[in-house]
Amino acid sequence: MFETVLIANRGEIAVRIMRACKELGIKTVAVYSKADRDCLHVRLADDAICIGNSPSAESYLHVPSIITAAEIANVEAIHPGYGFLAEDAHFAEICESCRIKFIGPSPESITKMGNKSLAREMAKKAGVPIVPGSEGVVKDKNEALKVVEEIGYPVIVKASAGGGGRGMRIAHNDLAMATALTTAQSEAEAAFGSPDVYVEKYIEHPRHVEVQILAGNKGNIIHLGERDCTVQRRHQKLVEESPSPAISADVRKKICRMARRIAQEAGYVSAGTVEFLVDGRGNFYFIEMNTRVQVEHTVTEMVTGVDIIKEQLRIASGEELSIEQKGVRRRGAAIECRINAEDPDRGFMPQSGRVNLYIPPGGPNVRVDSHLYSGYTVPSFYDSLLAKVIAYGKNREEAITTMRRALDEMVIEGVPTTIPFLRRIIEDNRFARGDYRMNLVEELLE
Amino acid sequence: MFETVLIANRGEIAVRIMRACKELGIKTVAVYSKADRDCLHVRLADDAICIGNSPSAESYLHVPSIITAAEIANVEAIHPGYGFLAEDAHFAEICESCRIKFIGPSPESITKMGNKSLAREMAKKAGVPIVPGSEGVVKDKNEALKVVEEIGYPVIVKASAGGGGRGMRIAHNDLAMATALTTAQSEAEAAFGSPDVYVEKYIEHPRHVEVQILAGNKGNIIHLGERDCTVQRRHQKLVEESPSPAISADVRKKICRMARRIAQEAGYVSAGTVEFLVDGRGNFYFIEMNTRVQVEHTVTEMVTGVDIIKEQLRIASGEELSIEQKGVRRRGAAIECRINAEDPDRGFMPQSGRVNLYIPPGGPNVRVDSHLYSGYTVPSFYDSLLAKVIAYGKNREEAITTMRRALDEMVIEGVPTTIPFLRRIIEDNRFARGDYRMNLVEELLE
Amino acid sequence: MDLEEIQKIVNLMEENNLVEFELEKEGFRIALKKAQPMVVTPAATMPTIMAQNLPLPESAGEEPKTAEDTEVIVSPMVGTFYAASSPDSPPYVTVGQKVEENDIVCIIEAMKVMNEIPAEMNGTITEILVSNGEPVEYDQPLFRIKKD
Amino acid sequence: MDLEEIQKIVNLMEENNLVEFELEKEGFRIALKKAQPMVVTPAATMPTIMAQNLPLPESAGEEPKTAEDTEVIVSPMVGTFYAASSPDSPPYVTVGQKVEENDIVCIIEAMKVMNEIPAEMNGTITEILVSNGEPVEYDQPLFRIKKD
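Sequence lines, in order, name chains A, B, C and D. The numbering of the first sequence is this note's numbering, which starts it at 1 and goes up by one. The numbering of the second sequence is this note's numbering, which starts it at 1001 and goes up by one. The numbering of the third sequence is this note's numbering, which starts it at 2001 and goes up by one. The numbering of the fourth sequence is this note's numbering, which starts it at 3001 and goes up by one.
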């Protein structure tokens, strides 16, 4: 195992990684920006190095500073956490060339999975369903109708160069198809400088279900079951849980097997997550694979008892996984709420400022991952995630009850947070029944 | 189930009980003394009533105020927690006569178990070994030697009216016996006004092992396994764990069976704890039964997943236990550290004052039960317990590693605490091996 | 200076809450630094969350603002406030009434016992802060009284 | 002073939460510094707990006290400080030397790149705060300079 690891991240995930390191007897080196001098991860680390100014580009994203810090501190490995440089293949390469182990998959794996069409190809090869659609660009209505013949309505027209909803149009019939195509093309042209669009089956209000993978050094790949991350607002996850309350045992088995197959096909090593969309009839489609630890890895840890960060560290140091597939037992249910410094009343605008009083929830079946403390000033430069509250129960109902209790007793004074809004989700009947889709948050906001 | 429960306690245990109540949908009423206006249990309750001045005798021990508060708030039941009125049979009787359910055993059970010799009788009847000794008072050397013939040396001479070490003498042979007897008699006379002494087998540096019992309304009694509370300083427990690292499967099975038998013999209903001394050869002796929830109930909850407070509430409300003996599964190991506001460098003198900064430990496998928050002023009137940190692991080694990490990251600034001393215990080799006796703390303090 | 002396200095620092200590022997220099005084921030003080369902006042600790010579009579126990000795009797005191020390001003019932509450001074009742039959906490203001 | 004594001092620091310890034998000097307790006040911030193993300064944020017209040149990056352009060359600046704005005062090496650090003003170097070859953090004071 490593002796010293540098954590190239901040906030709750840096704290989380340090906890795993300390339990494995690894010394930790924190890096921090000028704005983060008082952040908890700096305090918890064995050593800490200021690497740059407050904006991420000048600190947490500034590769030379991080590499230099790693060299000065003489660490053997860097854990990138999530966000920042976690899925930057170039950074992983530089680490390699400096003989510092990047705690994650190979640069090649990151590149492969980072490219959507390469990833789709891989999924296809592995025999995993992907959202059906045109093979490449669709030029006109005739081409589009040919695709529809195969996949059926509704479909979505998407800009090839797109993202963020621009250049996207949904069509439910031939008439709408023509308009959708021309509108999407002109929007794409305006937004991205290219009118190229493609056509895909439109999955209406799907569920977002993902599978946690651990891939060892000898090609041994296990899954830790699925997480349901359907509660999202504009592609931001708010609440995650494991197991998913909405898929059958059969679908669960299938997607877990599929996820392993994709990782196998990709020659993947390290922890990773394979994401699927699941429609109302149990059809599932591969979307992408995340080549890092997820924010919501905690719910999987709660139901399996496997420490995912420790497994990442074991794999990166050349050791084997501490567990085999047949040793993985899932017990009970876990739910995570992301407590963000955002004002739900003002379009979830990120908030900064001083937290005058912070009282985390405690007691049985509650886990809190956070860098908060009373008197901490939330800087305006980074992610608004303040804390993750995870509730465990023998079953989903118990987990919900515990989460409600935990949110009720949690105190964050000084900055608006998403706690009141999360309470509404947790108390919602549709959530209680597990019977909700990706439009739940929209509906609550109406 | 009850609609509203009054919690006749303060601090962490009041908070703990409120958490259970909230998860069961029960409204909570807090009572508080003038010194506790800002205590967390007041904040977490649905309602709160100031019942008197700061000294316990004028508030938490003042029965008329508590009963009046219960009547004003129109509660159905009172949970006494531990300490204060928890083992006061008279209080339980008054509750009964006021038609308020006392959440605990019957007044008769409290009385029976509160009387040491009655409890010993009961244990004898149930066929449970007790520390062998004289049947009642020993008058002179001849009588004493007759007892020794049966039980062998070493023995301890104890004042019948005694307690707190006064009037106690240990003898390892006949010569010492004579002196021990006369010294103990004159000490007893001086301290308690009666020279009566009795002779008991002296168990040298035993282990303190106790069994958690849940007794339902229909005579169904289950045990949740044992806790080891051997790490004590002057009869104050500092660290507790489950399972015990020092008893064989055979002894474990026996004491758990014995504990159930005693509860059965006593016609006991509610949660309770049967305490044993275990010597180096696996001999065990009943000491007493505690008729309330213990501070250290948490470690049992961690390894069994059973919420002991909820079970207490279920039993008191006339419901049945949520679990049967065969459904009780114990998994992994849990350790609890009691964080007290005491200065280990000054004889563990209790400390009061303002906690400027409190950062509880978090992350996986850590549970914190506490009423602390940054800015809270620890009053000088009550118990010095500030927080309980519970670490869980798949095995004892993991639990220790997690506890070490948790104590390392925990911050309490403003009042001296036992954290540094607890760290020494957790890092001690004897503790790590599980190979320690009741003199461990003494040895560490030398 | 040896280790033992340094240990003594460290103890000294510990006992006196020093955070810095300097000493120079040639020409003699000494510099001590104490921990900064702790400042109580109002924001970090927790508000008492009071009974929302009970007809109790928001906080017994928040005494009504009083004029210079106005005092408050508080409840010495938790219980039920009665303004009169029986439902048919007139109240012990009314606003504007003069009372003398030890005059009974009300009854607090606790566990079926009627406790007569005496005035603690001579003065005039200027306000009655609770109504008949209302539950009261320990230390809750009952009357405002203007001292003679 | 041998390793054992140093170990004892390190233990002493550990046990007593000291963050700084200085000792000079000639003329004798001693300087101890404890970790400052964090105070929850709007003004106070958490002290940076710094590398005990790394040869880095305690906190880059604590700029040395400066006189009115004295400024500090800080490191614009994390890296290794070099006082001269090569081991054989004389240092760029020495104490007492006058520098002009944009004169090179040192080199910070980061990822094998030698970054020349210019003075930001005209003035006289009054103190060099780091030694040759020492690692430095972002924002760490390097020189004290008295403005002209």
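Calculated from the structure, these hints are not laboratory results. Computed from a predicted model, the values in this text were never measured in an experiment. Don't take every hint at face value.
What the hints assert, rightly or not - Result set (PhoX-like, lysine-lysine): computed pairs, CA atoms no more than 25 Å apart in a straight line: (1) 326(A) to 112(A); (2) 1218(B) to 1254(B); (3) 1125(B) to 1141(B); (4) 1253(B) to 1326(B); (5) 254(A) to 124(A); (6) 3112(D) to 101(A); (7) 1218(B) to 1326(B); (8) 1310(B) to 326(A); (9) 1101(B) to 2147(C); (10) 1326(B) to 1112(B); (11) 394(A) to 1394(B); (12) 394(A) to 1027(B); (13) 1394(B) to 310(A); (14) 27(A) to 1394(B); (15) 3112(D) to 34(A); (16) 116(A) to 237(A); (17) 1125(B) to 1218(B); (18) 394(A) to 1326(B); (19) 1034(B) to 2112(C); (20) 1310(B) to 394(A); (21) 326(A) to 116(A).
Evaluated hints:
no.: 1; hint: 326(A) to 112(A); in the structure: violated (29 Å)
no.: 2; hint: 1218(B) to 1254(B); in the structure: holds (24 Å)
no.: 3; hint: 1125(B) to 1141(B); in the structure: violated (29 Å)
no.: 4; hint: 1253(B) to 1326(B); in the structure: holds (14 Å)
no.: 5; hint: 254(A) to 124(A); in the structure: holds (15 Å)
no.: 6; hint: 3112(D) to 101(A); in the structure: holds (19 Å)
no.: 7; hint: 1218(B) to 1326(B); in the structure: holds (17 Å)
no.: 8; hint: 1310(B) to 326(A); in the structure: violated (34 Å)
no.: 9; hint: 1101(B) to 2147(C); in the structure: violated (46 Å)
no.: 10; hint: 1326(B) to 1112(B); in the structure: violated (29 Å)
no.: 11; hint: 394(A) to 1394(B); in the structure: holds (18 Å)
no.: 12; hint: 394(A) to 1027(B); in the structure: holds (23 Å)
no.: 13; hint: 1394(B) to 310(A); in the structure: holds (14 Å)
no.: 14; hint: 27(A) to 1394(B); in the structure: holds (23 Å)
no.: 15; hint: 3112(D) to 34(A); in the structure: holds (24 Å)
no.: 16; hint: 116(A) to 237(A); in the structure: holds (20 Å)
no.: 17; hint: 1125(B) to 1218(B); in the structure: holds (22 Å)
no.: 18; hint: 394(A) to 1326(B); in the structure: holds (17 Å)
no.: 19; hint: 1034(B) to 2112(C); in the structure: holds (24 Å)
no.: 20; hint: 1310(B) to 394(A); in the structure: holds (14 Å)
no.: 21; hint: 326(A) to 116(A); in the structure: violated (32 Å)
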